[in-house]
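**Student:** Given next are the chains, with one letter for each unit.
There are 2 protein chains.
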Amino acid sequence: MADASEAVVQPLVQPFSVWVAAVQAAMEQALSSFLPADASAPAVLHQAMRYAVLDGGKRVRPLLAFAAGELFAAGQQQMQRAAAAVEMIHAYSLVHDDMPCMDDDALRRGKPTVHVKFGQATALLAGDALQAQAFLVLAEGAGDASCKLAMVRLLAQASGSIGMCGGQAIDLASVGLNLSRQQLEQMHRLKTGALLRAAVLLGALSGKLLTVAEEQALDRFAAAIGLAFQVVDDILDATADSATLGKTAGKDAADNKPTYVSILGLNASLVLAEQLRQDAHAAILPFGDKAHRLRELADLIVQRKT
Amino acid sequence: MADASEAVVQPLVQPFSVWVAAVQAAMEQALSSFLPADASAPAVLHQAMRYAVLDGGKRVRPLLAFAAGELFAAGQQQMQRAAAAVEMIHAYSLVHDDMPCMDDDALRRGKPTVHVKFGQATALLAGDALQAQAFLVLAEGAGDASCKLAMVRLLAQASGSIGMCGGQAIDLASVGLNLSRQQLEQMHRLKTGALLRAAVLLGALSGKLLTVAEEQALDRFAAAIGLAFQVVDDILDATADSATLGKTAGKDAADNKPTYVSILGLNASLVLAEQLRQDAHAAILPFGDKAHRLRELADLIVQRKT
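Residue numbers (the working numbering), protein chains in the order written: chain A, 25 to 330; chain B, 25 to 330.
Chain A extracted, bound-state conformation:
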């Protein structure tokens, strides 16, 4: 029988659910510290900003940033700033998207939306201020200046007129139209895909500047999970109830918005989601075992129930 001292010590690999909970907890604290205090003037604006960001969401983008960062042994501080910046952009987009002149939604993550709770003017300003805060968080802190500047460029592109905002504009213009599957994909590639891609790439850039091959592999992964995310969103919108989702279910159909389910049908949408999950796995094969968190996240995105 081998002596205890001879036993090979295996590095402790946390189960996925434990890792997810740890990242979510760390991010809640990081986001709180990167936002102005509730009591500091102008207090109502800061309360609205914190309400929009804290205590809610699955933190899919921060999880992607951490998973990609850990691939390149990024530091906690750097990953937290990258993840927080992307999450603040995401949060501001939800605040503006929920407003009466856009989707007019009263419920988000099971809570009243920001404009319902704080009024439209404060919601508009809180969203605007959150976007500025995202770039501030990214530009502050330690780290290589060239790397940080690359992250600012990436985030600005991903959230602007040829990224997230552009996707929302195409979405607006598509209500009531019969989009082709290709047009629907292009819309979602911008509307949600661009920011999910930014989460992956900013997380990786927290570790180091990427080679072309690394960036391409992460890009393919991000494209697959970005599309999968939307396909699953459409499936859930068509099949789950509002209480489970924490937002108004069946809203896309009611709003006459084109979805994967309305274009492909439910079964083909389920098949597509599974295919995209496998594409995501294939894209990160070159990273080997180190990419296990990214693989698990691809699974989570496709298999989630909310």
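Derived by calculation from the structure, the hints in this document are not laboratory data. Computed from a prediction, not measured in an experiment: that's the story for all the values here. Any given hint could be a false lead.
[To be verified] Simulated coverage check for chain A against chain B, where a stretch passes if three residues somewhere in it have a Cβ under 8 Å from a Cβ of chain B:
1. 37–51
2. 120–134
3. 166–175
4. 181–189
5. 298–306
[Unchecked claim] Pulled from the structure, derived: some chain A residues nowhere near chain B, Cβ distances all over 10 Å:
6. 56
7. 66
8. 117
9. 157
10. 160
11. 203
12. 213
13. 232
14. 241
15. 243
16. 247
17. 265
18. 310
19. 311
20. 320
21. 323
By construction, the Cβ of each residue, glycine as well, lies at the ideal position given by its N, Cα and C atoms.
Chain A is fixed; fit chain B onto it per the hints.
**Tutor:** Same frame as chain A, but now just chain B:
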């Protein structure tokens, strides 16, 4: 009689009005090149962004950025990016500020406001996308990465919750209240002062990293002209007509908003504006003759009629 070859060649100093027109023309071209083309998808969003930024405005912030940049022999490209970024932030804030849930203004620079022409949803998105574009323009291009990152931080602070957006939130909360002169100053220091300060400092940073003494002098200058700008705005709102202003005159009084004229009266407001002009001149005395464009701009801001 001296030979022609012995004559001292004086550097050509452009008259102020010629310099202003040259900067305005250069900026119109620079802003156009830094914005996505009208025809590129999503076209309506890009049209709204260009409509909000181009062909209008006195370009006070770009003029300040150029005047401060020329103080430190900054390159044209660097000054144009700094000035364009600040102007895009300014333009997006006007788009959102004019929306029905904020000031509900139908006229801006003599033209229909963005939401009147393109609808509220597109106006909201165009403002959001312009903010992202501002940070993109600042982070792209040649230049020292540390310097550019400092500019990103400055612009994010100036436009966020303890800058411009914060000032707008205080403005919202002050309607119908009897503000003290001190409270009114604090609001304007954030609402318009922060971005004017950013214009001066980003312009200067286009040339070089600043010493503490240089930054303090420019800060004092910016504080004086920032306040002067608002005092003169209030005077014009109370005395000029809509056709001259290119926007709805007398709106502050109609909206029951506190102004310098409502708190100090018209004559004391005129005296204050002149005092602030002199403060601005005093602040930049250390820069000597080189600061003549900044001095002329302080005069322009106080003596303008629109």
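**Student:** Tell me whether the statement that chain B covers the stretch 37–51 of chain A is true, taking a Cβ distance below 8 Å and needing three residues at minimum.
**Tutor:** violated (count 0)
**Student:** Any Cβ of chain B at or closer than 10 Å to residue 265 of chain A, or is the non-interface label fine?
**Tutor:** Correct as stated: the minimum Cβ-Cβ distance to chain B is 28 Å, above 10 Å.
**Student:** Would the non-interface assignment of residue 157 of chain A survive a Cβ cutoff of 10 Å against chain B?
**Tutor:** violated (5 Å)
**Student:** Taking a Cβ-Cβ distance under 8 Å as contact, does the stretch 298–306 of chain A have three or more residues in contact with chain B?
**Tutor:** violated (count 0)
**Student:** If I take the minimum Cβ distance from residue 323 of chain A to any residue of chain B, is it greater than 10 Å?
**Tutor:** Given a closest Cβ separation of 32 Å, the condition holds.
**Student:** A cut-off of 10 Å on Cβ-Cβ distance, and residue 310 of chain A was said to be off the interface with chain B. Does that hold?
**Tutor:** With a cut-off of 10 Å, residue 310 of chain A remains clear of chain B, as the shortest Cβ separation is near 29 Å.
**Student:** Can we trust that residue 213 of chain A is non-interface, i.e. its beta-carbon lies farther than 10 Å from all of chain B?
**Tutor:** holds (12 Å)
**Student:** According to the definition I'm using, a residue is off the interface if its beta carbon is farther than 10 Å from all beta carbons of the partner; does residue 160 of chain A meet that for chain B?
**Tutor:** Nearest chain B Cβ is 4 Å from residue 160 of chain A, so the label is violated.
**Student:** Taking the minimum C-beta separation from residue 232 of chain A to chain B, is that value above 10 Å?
**Tutor:** holds (16 Å)
**Student:** Holds or violated: is the Cβ of residue 320 of chain A farther than 10 Å from all Cβ atoms of chain B?
**Tutor:** holds (31 Å)
**Student:** Going by Cβ atoms, does residue 66 of chain A stay more than 10 Å from chain B at every point?
**Tutor:** violated (4 Å)
**Student:** May I ask you to check that residue 117 of chain A keeps its beta-carbon over 10 Å from the closest beta-carbon of chain B?
**Tutor:** Contrary to the label, residue 117 of chain A does not stay out of reach of chain B, its closest Cβ about 8 Å off (not over 10 Å).
Hints 1, 5, 7, 8, 9 and 10 from the list above are not met by this structure, while the remaining hints are.
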